[in-house]
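Trainee: Taken in order, these protein sequences are the chains called E and F.
Be aware that the first sequence starts at 2, since it is given in my numbering, and climbs by one per residue.
Be aware that the second sequence starts at 2, since it is given in my numbering, and climbs by one per residue.
No wet-lab data here; the hints were simulated from the structure.
Just so you know, not all the hints are guaranteed correct.
Ranges between beta-carbon positions, derived for each pair [what the hints assert, rightly or not]:
| # | chain 1 | residue 1 | chain 2 | residue 2 | range |
| --- | --- | --- | --- | --- | --- |
| 1 | E | Phe28 | F | Thr44 | 19 to 25 angstroms |
| 2 | F | Pro57 | E | Gly43 | 45 to 51 angstroms |
| 3 | F | Thr20 | E | Asn32 | 32 to 38 angstroms |
| 4 | F | Ser24 | E | Tyr83 | 32 to 38 angstroms |
| 5 | E | Ser56 | F | Asp62 | 33 to 39 angstroms |
For lysine to aspartate or glutamate, the following EDC-like pairs were computed, each having C-alpha atoms within a straight-line distance of at most 16 angstroms [claimed, not checked]:
| # | chain 1 | residue 1 | chain 2 | residue 2 |
| --- | --- | --- | --- | --- |
| 6 | E | Lys53 | E | Asp76 |
| 7 | F | Lys47 | E | Asp62 |
| 8 | E | Lys14 | E | Glu92 |
| 9 | E | Lys44 | F | Glu83 |
| 10 | F | Lys107 | F | Asp87 |
| 11 | F | Lys47 | E | Glu92 |
| 12 | F | Lys47 | F | Glu83 |
Just so it is clear, CB atoms sit at the ideal spot from N, CA and C, and this is done for glycine as well.
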Amino acid sequence: EVQLVESGGGLVKPGGSLRLSCAASGFTFSNAWVSWVRQAPGKGLEWVGRIKSKSDGGTTDFAAPVKGRFTMSRDDSKNTLYLQMNSLKTEDTGVYYCAIGKFDSSGFDYWGQGTLVIVSS
Amino acid sequence: QSVLTQPPSASGTPGQRVTLSCSGSSSNIGINYVYWYQQLPGTAPKLLIYGNNQRPSGVPDRFSGSKSGTSASLAISGLRSEDEADYYCGAWDDSLSGVVFGGGTKLTVL
Numbered sequence: 002e003v004q005l006v007e008s009g010g011g012l013v014k015p016g017g018s019l020r021l022s023c024a025a026s027g028f029t030f031s032n033a034w035v036s037w038v039r040q041a042p043g044k045g046l047e048w049v050g051r052i053k054s055k056s057d058g059g060t061t062d063f064a065a066p067v068k069g070r071f072t073m074s075r076d077d078s079k080n081t082l083y084l085q086m087n088s089l090k091t092e093d094t095g096v097y098y099c100a101i102g103k104f105d106s107s108g109f110d111y112w113g114q115g116t117l118v119i120v121s122s
Numbered sequence: 002q003s004v005l006t007q008p009p010s011a012s013g014t015p016g017q018r019v020t021l022s023c024s025g026s027s028s029n030i031g032i033n034y035v036y037w038y039q040q041l042p043g044t045a046p047k048l049l050i051y052g053n054n055q056r057p058s059g060v061p062d063r064f065s066g067s068k069s070g071t072s073a074s075l076a077i078s079g080l081r082s083e084d085e086a087d088y089y090c091g092a093w094d095d096s097l098s099g100v101v102f103g104g105g106t107k108l109t110v111l
């Protein structure tokens, strides 16, 4: 059974940093392109970015609002994905989900339960 | 503002057929696959449709997807009370080099 479990959320002040983790199981993590999707309170879904598998270059892509502030990395030996968030803004507040797709990397069959990030002074 | 446009709300009565729309452009829906998600309150989204019109295993055939040009639709037939949820469309956008979503449609079953 595919499982994605996010952790690391919490309360942080504007300008601060936070690192989220996504622990995966039930599939070959090293082959997966993994995305982060966030949802502000009462709002819709917003794609944050993705990391490709190492065999496909291991590169990352990010949405414009987070480019230059967020980075992503993966540890295939631990089946874990990381999202490093720096220079956080109040508008980064929301639930952060990691997600993967079976069909292709732009759609998401499996989602974690999400971790809440609150950026507030 | 979301890149894909969805009506904020829709409604129907039990047993009815409803269609939810999603409008995009030539850089997203026009050339890439469309996905549909259902989100119940307090839960993660669930994939309903992939590849424009394919259902993952376990999704009832009451749900169907279609695409024409730069627009897509999700049809739900035999509406049930448990279908009351938020529905989102998504697609890759070649101009933005990222996944884009619609703002979501809140479906109410009257």
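Trainee: Each hint: holds or not?
Mentor: Consistency of the hints with the structure:
Distance hint for Phe28 of chain E and Thr44 of chain F: a CB-CB separation of about 21 angstroms, consistent with the stated range 19 to 25 angstroms. Look at Pro57 of chain F against Gly43 of chain E: about 27 angstroms separates their beta carbons, and that is not inside 45 to 51 angstroms. The supplied range of 32 to 38 angstroms is met by Thr20 of chain F and Asn32 of chain E, whose beta-carbon atoms lie about 37 angstroms from each other. The beta-carbon spacing between Ser24 of chain F and Tyr83 of chain E, approximately 36 angstroms, falls within the hinted interval of 32 to 38 angstroms.
Remark: the range hint 33 to 39 angstroms for Ser56 of chain E to Asp62 of chain F is upheld by a beta-carbon distance near 36 angstroms. Between the alpha carbons of Lys53 of chain E and Asp76 of chain E the distance comes to roughly 12 angstroms, so the proposed pair stays at or under 16 angstroms and holds. Between Lys47 of chain F and Asp62 of chain E, the direct Cα distance comes to roughly 23 angstroms. Violation of the 16 angstroms bound is thereby established for this hinted pair. For the hint pairing Lys14 of chain E with Glu92 of chain E, the CA-to-CA distance comes to about 12 angstroms; that is within 16 angstroms, so the pair holds.
For the hint pairing Lys44 of chain E with Glu83 of chain F, the CA-to-CA distance comes to about 21 angstroms; that exceeds 16 angstroms, so the pair is violated. At roughly 4 angstroms between alpha-carbon atoms, Lys107 of chain F and Asp87 of chain F fall within 16 angstroms of each other, so this suggested pair holds. For the hint pairing Lys47 of chain F with Glu92 of chain E, the CA-to-CA distance comes to about 25 angstroms; that exceeds 16 angstroms, so the pair is violated. Taking the CA atoms of Lys47 of chain F and Glu83 of chain F, the gap is about 14 angstroms. The hint holds against a cut of 16 angstroms.
Hints 2, 7, 9, 11, counting from the list given before, are not met by this structure.
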